[in-house]
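Number of protein chains: 2
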Amino acid sequence: MTISRGPQAFPRSEYLRRLAAVKFEMARREIDTLIVSDQDNITYMTGYTARSGYVPQALLVRAAEEEPTFILRRCDAPAAIYQCFMDRTKIVAYPEALIADHKRDGYDAVVDHIVEAGLANHRIGVELYSLPAKSMEKFKSRLPRATLVDFTNAVAWIRIVKSDLEIAVMREAAAIADAAIMRGAEVIRPGVSEADASAEIMAAQIRGVNGKPGTDVYGTIMLCASPRTGTCHIPWTEDVFRVGSQVNLEVGGTRHGYCAGLMRTYSIGAPSDRLRGVHEIQVEGLEAALGAVRPGATCSDVANAFYRTIEKQGLTKESRCGYAHGIGWVEPTASLRDGDMTELKPNMTFHLMLGNWIDEDFGYTISETFRVSDTGVDVLTTMPRKIFEI
Amino acid sequence: MTISRGPQAFPRSEYLRRLAAVKFEMARREIDTLIVSDQDNITYMTGYTARSGYVPQALLVRAAEEEPTFILRRCDAPAAIYQCFMDRTKIVAYPEALIADHKRDGYDAVVDHIVEAGLANHRIGVELYSLPAKSMEKFKSRLPRATLVDFTNAVAWIRIVKSDLEIAVMREAAAIADAAIMRGAEVIRPGVSEADASAEIMAAQIRGVNGKPGTDVYGTIMLCASPRTGTCHIPWTEDVFRVGSQVNLEVGGTRHGYCAGLMRTYSIGAPSDRLRGVHEIQVEGLEAALGAVRPGATCSDVANAFYRTIEKQGLTKESRCGYAHGIGWVEPTASLRDGDMTELKPNMTFHLMLGNWIDEDFGYTISETFRVSDTGVDVLTTMPRKIFEI
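Chains as they are written, first to last, in my numbering: chain A, 1 to 390; chain B, 1 to 390.
Possibly wrong hints are sitting among the right ones.
Remember, identical chains collapse to one label, so a pair may be satisfied in a single copy or spanning two.
[Said to hold, decoys possible] Simulated crosslink set (BS3-like; lysine-lysine; CA at most 27 Å straight-line):
| hint | residue 1 | residue 2 |
| --- | --- | --- |
| 1 | K140 | K90 |
| 2 | K90 | K138 |
| 3 | K140 | K103 |
| 4 | K140 | K312 |
What the hints contain is simulated information worked out from the structure, not anything from laboratory work.
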């Protein structure tokens, strides 16, 4: 009749370490209760990765309690018991009657819990990017004596430096991304449809490598082929590859919520002079950026190493050069962009994303997922930095 | 240097019809400007399905303008020009410098556009479930003379009745869901890993059928096998199927943003008496629910036809029996639940979702995607209503 805790990606001590860091930040901001509505932060503090976040659910972190309390929909409670590191008494299921009730929802259950725990007049942290405006109105009206304190992105800033255990999982994700790029080289062929190739590449992301399957496909794939190489976020189309087609591919491995992104460019037949020229400049820029990575350097330093290198050869890139990378793909903290003075520390991880959408109808993609090492850079993805010629 | 509009899933007249309905609702609420931040509503009114909504983007619908204006990130503008029905002058790109700037973001570009258009003192509709609390604060502070009117879910209520053109696309999506369930019957085998089977099922969702590939995989897949049949939203695990395993599978076809969901249950070896018993009751309930579908009946009628049928045989189901279904999976409007008095109209579409997670360690899944026809029901998915025995 009951479900047991399943295999865990991390030991209990790892979750307690993460929670200690979050509680330290809570203490610094003088709050003793935090409502975590960001799904990636919930994954970080519990191990939960099931896809139930399309209805309200929240993690309550309290200074006075070792384990957080996860409040979620009744039918999702078994998945939480199975996946989370906490004791099952910390999984609080709210009734299904709150789903699709246009007056009350799961956030009412969260408020009820806070009131019953005697916290209604406390300083309570809330995350204002993951919380809908409508739900914030509810918190304000139903918790009039509480002081709601903006805790937006604070947990994400803690997540930015990974533990060795997290790095090991991201390395597994990176190996999957490698395999998906290799699969692309096998299946992108003239006459093949973009969808059929995407099916094979997506399957490679799920099968994984070395007995470590992808555990989800958060990043889906982005396969932007001629005449769409100037676009970046169309998964694929109903078109068929042709001789002369260029294919920009972004893939990602996923392990236990952690992602590793990777981009490469393919050419069916010899690349055009323009494509080859851009490729050479971009790879030089990529290597300059990686060469600038070391503890103490800033995100801005890394980005400008890239920008300066390509600008010398007449190429520019308008978008940022990447972002903090881990749970749920883009972490909303540091970016590899001019002016981001975030100082690099060992075990920070980034997707060095050098996709360059130069014209409406021409772009080029290359990227790596890396971690900052003790002395420089450790690139987790390992594919050759070439145009994959088909 | 420029990209042209790509193949369109719907004719221009279809988008103008949808926009006319939205503008009518705007007029009823006395607003002449609407900020659409819900990604599914953007798809509905433009055809845009690229996956760029992780950064701010918004559609501006104005009573005085035939076509809406889509404000999005510079690097995503080519995809919008390619996918949207509007003239390219209606695609407004904001600079990449607004990405990951911790002070200003894409919503500042939206506000700037509103101010420059002379609308800053108008009544402006906003969608409060898709808008982060943080962004609503920005709208309030930067548009102090505007009256911000809650337009939450109003567009979704318009979307609930589909056109024949939309039904045709959903039928294509349903055929893909059918194919994915059939693929499940081929690949679920003792000794096969859940991930390897999921890779094949996902690939089937992308390859599609009849020359109509899946255009995305919004719903991913949910493959919950013994001992996790009491969970509903874990995509798959690292486990291997065994003789005696039960597998609950939820798949979805996706065409141009429109989904069709489908669930079936598999058994490796003969099903247990309990599973067979639950299956028979649930199928009887499913048929009773479908039998209750007709214009003029309510969502509550359909749900209660199911609940009453299974309760007669000692089975209950706590969760709702389904939801309005179309763009982006769950539509946030009508639910097949007790007390939902939404009156069924021809061409409303639902996922009749009868997943029943009875115990923590035992559940059963079956579902169909249907439309309300002129006289009764038209079930879009077509798989046999059986336990798939392997």
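If the cutoff is 27 Å on CA atoms, where do K140 and K312 land: within, between, both or neither? Let me know, please.
neither (53 Å within a copy, 44 Å between copies)
Intra- versus inter-copy proximity for K138 and K90 (alpha-carbon distance at most 27 Å):
This pair counts as within: shortest intra-copy Cα distance 24 Å, inter-copy 36 Å.
Can you tell me if K140 and K103 fall within 27 Å by alpha carbon in one copy, between copies, both or neither?
both (16 Å within a copy, 24 Å between copies)
Regarding K140 and K90, is the shortest C-alpha distance of 27 Å or less found within a copy, between copies, in both, or in neither?
Close inside one copy (25 Å), not across copies (38 Å); limit 27 Å.
In this structure, only the earlier hint numbered 4 is contradicted, and the remaining ones agree with it.
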